[in-house]
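Undergrad: Now for the letters of each chain:
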Amino acid sequence: MGAARGRLFGVGFVLPAAVFLVLVFLVPLVRVLSLSLHPVDGAGNPLPEFSLVQYQRVFTESFFSQALVSSFQTSLLVTALCLALGYPVAYALSRVPGGALRTLMFVIVLSPLLTSVVVRSYGWVVLLSANGVVNRFLVGTGIADQPLPLLTSYTAVVVSVTHVLLPFAIIPLTTALGGIDPHLRRASQSLGAGPARTFGRVTLPLSLPGVAAACMVVFPLSMGIYITPLLVGGANQPLAGLRVYSQITSVYDYPVAAALSLTLLVLTLVCVAAMGAGFRFWERRNHG
Amino acid sequence: MAETTAAPRARRRPAVARHAGRIALGLPVGLILLFLAAPLVVLAVSSLNPAASLEFPPRGVSLRWYASVLSSPDWSVSFRLSGLLVVMVVATTTVLGTLAAYGLTRGTFPGRRLVEGVALAPLMVPEIIIALGLLYYFQGLGLLNSVPGLWLAHSLVALPFTVRTIMISASRLDPALERAAATLGAGRTRVFLTVTLPLLRPGILAGAVFAAVTSLGEVAVSVLISGANTTTVPVRVFSAVKFELDPSVAAVSTLLMLASVVVMVAVDRMTRLSEAV
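As you go down the protein sequences, you meet chains A and B in turn. Each residue of the first sequence is one higher than the one before, starting from 1 at the first, in UniProt numbering. Each residue of the second sequence is one higher than the one before, starting from 1 at the first, in UniProt numbering.
Derived from the structure by calculation, the hints contain no laboratory data. Remember, it's a predicted structure, so these values are computed and weren't measured experimentally. Hints are not guaranteed to be accurate.
Label pairs and their in silico Cβ distance ranges [what the hints assert, rightly or not]: (1) A:V30 / B:L120: 45 to 53 Å; (2) A:T249 / B:R190: 46 to 54 Å; (3) A:L184 / B:S239: 24 to 32 Å; (4) B:A52 / A:Q56: 44 to 52 Å; (5) B:N229 / A:L269: 42 to 50 Å; (6) B:V265 / A:G278: 32 to 40 Å; (7) A:Q66 / B:L123: 26 to 34 Å; (8) A:Q56 / B:V265: 18 to 26 Å; (9) B:V265 / A:A144: 34 to 42 Å.
To list a few chain B residues with every Cβ distance to chain A over 10 Å, as calculated [stated by the list, open to error]: (10) P28; (11) S53; (12) D74; (13) V125; (14) A153; (15) L199; (16) N229; (17) T230.
Virtual Cβ for every residue (Gly too), placed ideally from N, Cα, C.
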């Protein structure tokens, strides 16, 4: 098999998935695009003529534009938190010898990934509810006089979204850290560098591809997430995904939902492309 | 920074420094792992509470809510639907994903990168767009509140995981083995079925698990396209959480978690999941 069969080898294998993706992914996306380009009548039904009025609404009404800004900020914060919390775990995972401890760590890291996002969000609802563990701890220790309304707070949203996305950061970081030749660390130390310097000059730069991969997975996921903020923070959290959801389910204004979600998509793709370019630039600067 | 791979140089560092390094790393790591596990553990433990409200720590131990869930006709319809979807989605994405991953890894056709981009794109596209797109599209096709609609949606969400996982296996596959089989007289189909497929097995298994877990947990798209007759388990959990905090939901959630842990342990024995992600 192989090269002898010419330039078109492989098309037949890819064809079924390609047809599926065109029908179930690309066509709906194009329909959303065309939906976003029409004005609506009083009842929210799309009218036939072409118009950019939906995009005008997205950019001028602060209800939508603020949500986009807030989604962007929240995603940056969540990505930073996932890196900060994920890196030590990944570092420990890449260094801990095989055995029960390592298996336990992997189970803890991977089981949230394999558990429905609705279950994980529900766990946070239970933890943060008025008579939940966190509030009872706060009241019991005297930090708070009475149970705090944690469930509907923005902090709760950031914490729970970080929790949901953390495994997506740990896995690429572990792969990158595990791929570093331990001899390089030892070489650095035998040349007189202390542990901190070895980490800063050897381990950290070599793990950069993992950091890049983690950012480029966590950031887009965080931009679009809406189930977790909805359950933990309520429908009024100023996030673009939630605004789209409420436009669909309570206002039934599909065109503006389409325009907002496509703006969110473009913003996400631009950010991911910028991150990719940034990391490539850094790599080139470090490695000539 | 404690050296676990006993390097002579590291061993010469004083024991105190080594222990300090280990604690400096171990303590935060332990706390982060606790953060990861806490919501799931709290949920599992409070599902055992005999009282009618969620409490942690629980007042006692009882399987009352499990019994109530397993005997409820509503939940059992959802369990059957979710089970059916898992089977359909795993079958679809495994076939489509295996063929596509192989074609993308080995293919020489122009536009390969583009197809690969599209195949992996649902991972990058905010879930709410896929949800809106399918809601609007299925409305026109009459596929809302239907099993085929959920099947297509779950397959779409799961496919990138399957393709990516199998592509890793396919890129490690040595073409010389296939050439050898072909030289020995096996036809193309026979080579693919008897040489290629068995070699791709670890990737296919891992991909199938991801597809199963994705379908079993999918809410973001399902919430918008399912209806009264097609409430999957996670969608039922979603509406229950939105409206009340009933311990039976904690019991269902725990059952879902157990299902994924079983799947993960089973797969960990067959392949190294951590490499496949």
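Undergrad: Now tell me if each hint is right for this structure.
TA: Here is what the structure says about each hint:
1. Under the hint 45 to 53 Å, the C-beta atoms of V30 of chain A and L120 of chain B, about 19 Å apart, miss the expected range.
2. Checked against the given bound of 46 to 54 Å, the beta carbons of T249 of chain A and R190 of chain B, roughly 52 Å apart, stay inside it.
3. A beta carbon spacing of about 53 Å between L184 of chain A and S239 of chain B contradicts the range 24 to 32 Å that was offered as a hint.
4. Between A52 of chain B and Q56 of chain A the beta carbons are some 51 Å apart, a value that agrees with the proposed interval 44 to 52 Å.
5. One distance hint, 42 to 50 Å for the beta-carbon pair N229 of chain B and L269 of chain A, is violated here, with the actual separation near 36 Å.
6. Taking 32 to 40 Å as the suggested C-beta distance range, the pair V265 of chain B and G278 of chain A conforms, at roughly 39 Å.
7. A C-beta distance of roughly 27 Å is found between Q66 of chain A and L123 of chain B, which places it inside the suggested range of 26 to 34 Å.
8. A hinted range of 18 to 26 Å for the beta carbons of Q56 of chain A and V265 of chain B is inconsistent with their spacing of about 53 Å.
9. The hint said 34 to 42 Å for the Cβ distance between V265 of chain B and A144 of chain A, and at roughly 40 Å that hint holds.
10. Against the 10 Å criterion, P28 of chain B falls within the reach of chain A, whose nearest CB is about 5 Å from its own CB.
11. Not every C-beta of chain A lies more than 10 Å from that of S53 of chain B, the closest at about 8 Å, which undercuts listing it as non-interface.
12. With 10 Å as the threshold on Cβ separation, the claim that D74 of chain B sits away from chain A holds: the shortest Cβ distance comes to roughly 16 Å.
13. Not every beta carbon of chain A lies more than 10 Å from that of V125 of chain B, the smallest distance being close to 6 Å; the non-interface claim is violated.
14. The beta carbon of A153 of chain B is not kept farther than 10 Å from every beta carbon of chain A, the shortest such distance being approximately 8 Å.
15. Even its closest Cβ contact with chain A, about 13 Å, leaves L199 of chain B beyond 10 Å, as expected for a residue assigned away from the interface.
16. With a least beta-carbon separation of about 18 Å from chain A, N229 of chain B lies farther than 10 Å from that chain, consistent with its non-interface assignment.
17. With a cut of 10 Å on Cβ distances, T230 of chain B stays outside the contact zone with chain A, its closest approach being about 16 Å.
Consistency with the previously given hints fails for numbers 1, 3, 5, 8, 10, 11, 13, 14, ordered from lowest to highest.
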